[in-house]
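> Residue numbers (my numbering), protein chains in the order written: chain A, 254 to 470; chain B, 254 to 470.
Warning: the hint list may mix true and false statements.
Since the list gives no way to pick out one identical chain from another, each pair is judged satisfied if it fits inside one copy or across any two copies.
No more than 30 Å apart at the CA atoms, straight line, and that leaves these computed lysine-lysine pairs for BS3-like [as the list claims (entries may be wrong)]:
id : residue 1 : residue 2
1  : LYS436    : LYS322
2  : LYS440    : LYS327
3  : LYS443    : LYS278
4  : LYS436    : LYS327
5  : LYS327    : LYS361
6  : LYS387    : LYS450
Bear in mind the hints are in silico, worked out from the structure with no lab data behind them.
Treat the numbers as computed from the prediction; the structure is a model and nothing was measured.
2 protein chains.
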Amino acid sequence: MEIKILESVLERNNKIAAENAKTFKENGVFVLNLMASPGAGKTSFIIKTIQGMQGSFKLGVIEGDIASKVDAEKVQETGVPVIQINTGGACHLDSIMIQKALPHFDLKNLDLLIIENVGNLVCPAEFILGENLKVIILSVPEGDDKPLKYPLMFSESDVIILNKIDLLGLTDFSLERVYQNIKGLRKDIKIFEVSCKTGDGIEDWLTWLKERIEEAM
Amino acid sequence: MEIKILESVLERNNKIAAENAKTFKENGVFVLNLMASPGAGKTSFIIKTIQGMQGSFKLGVIEGDIASKVDAEKVQETGVPVIQINTGGACHLDSIMIQKALPHFDLKNLDLLIIENVGNLVCPAEFILGENLKVIILSVPEGDDKPLKYPLMFSESDVIILNKIDLLGLTDFSLERVYQNIKGLRKDIKIFEVSCKTGDGIEDWLTWLKERIEEAM
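So that you can see chain A by itself, here it is in the shape it has in the complex (with noise of 0.2 Å):
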């Protein structure tokens, strides 16, 4: 019973999803799905990808939480475009809510839209949004373990961005360890190992990110 309802939510999901999909093709809008842990670094992650791609590219972003709109204000001061979605306590966001939110936009004017999912590693991984790529930023401090405990949200990811590398050695986070827990799931994942405090590693992934904008267009 509980199942079959939860099909059907999903088959909605995906349904709007592919409309979401259509829409940002024909506006050639390339889409990021950022997900993570509470305090993984996303919006610092999309701060950082935003400063890196300014004038070559024109951003939007779309800011969802559960409350708040801490990390919307943040987002703001670069000067781009952002939505703050307010989930009213649901546990992610879902392709209804960004269809909702696409007026808001002007898309014709929009190269990367940067959607950030609520911080949460479980509930986001099943709704797709309409999104090219899937990016879940793990953070150092959180442990090498957690693709083996959240292994759905890991395996669904097109890339991970493995976050405040900064801090390796001050915990005992194994890069060794993590890579070999990431591939167990999927072999063919994009890693970047970056810090947003050092800038370190961000170049990399910009150099990829407008390679992959670039073919898609």
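Take the given structure of chain A and dock chain B to it, following the hints.
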């Protein structure tokens, strides 16, 4: 429609939670429901708590995870009885899962049962399990804004453990701001600053917890 279904799920959960609470009381078991983001240090905190209480109290642990038994194996090394619940995708434990796990313990022979919930700052907040205390761990690298972004979780909790204080100064986490953010939600909350790595603050937590258990006996 969806809301009605959720309500009936929550009603059933509350009913079974009350049954669990009765069972715990009859058997003299004090119960902690431990919640946090992935990687905040729940398992390390449980191990520190066990080490500080073994000898004077008889402990048991329920480990809730979506997948894997990584945490259960770590806790098992302390010698206390551990039951692993794999939720198979569900983003929180519920009272029914706990009820099913209880026959695996010798409850008459337990003083304290620690339940490690699924790593998630959203969904577990809505599902009581029959516990005496809800304990939230917030770790320094996650940032001091988390109470603003996950208000239900923080306002529902009785105790907040600020973990990884050994990383204060290496991040922009401010103790002053986090206290402000927490007290804005609920004034009577108990807060402990600890580091499971260095052991700082653990003694204060143990002293306070022992008093609560003795009060309840």
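> Next step is simple, just say for each hint if it's right about the structure.
Verification of the hints:
no., hint, result
1, LYS436 x LYS322, "between (36 Å within a copy, 19 Å between copies)"
2, LYS440 x LYS327, "between (35 Å within a copy, 27 Å between copies)"
3, LYS443 x LYS278, "within (23 Å within a copy, 51 Å between copies)"
4, LYS436 x LYS327, "between (34 Å within a copy, 23 Å between copies)"
5, LYS327 x LYS361, "within (25 Å within a copy, 53 Å between copies)"
6, LYS387 x LYS450, "within (23 Å within a copy, 33 Å between copies)"
Comparing the model with each earlier hint shows no violations; every hint is respected.
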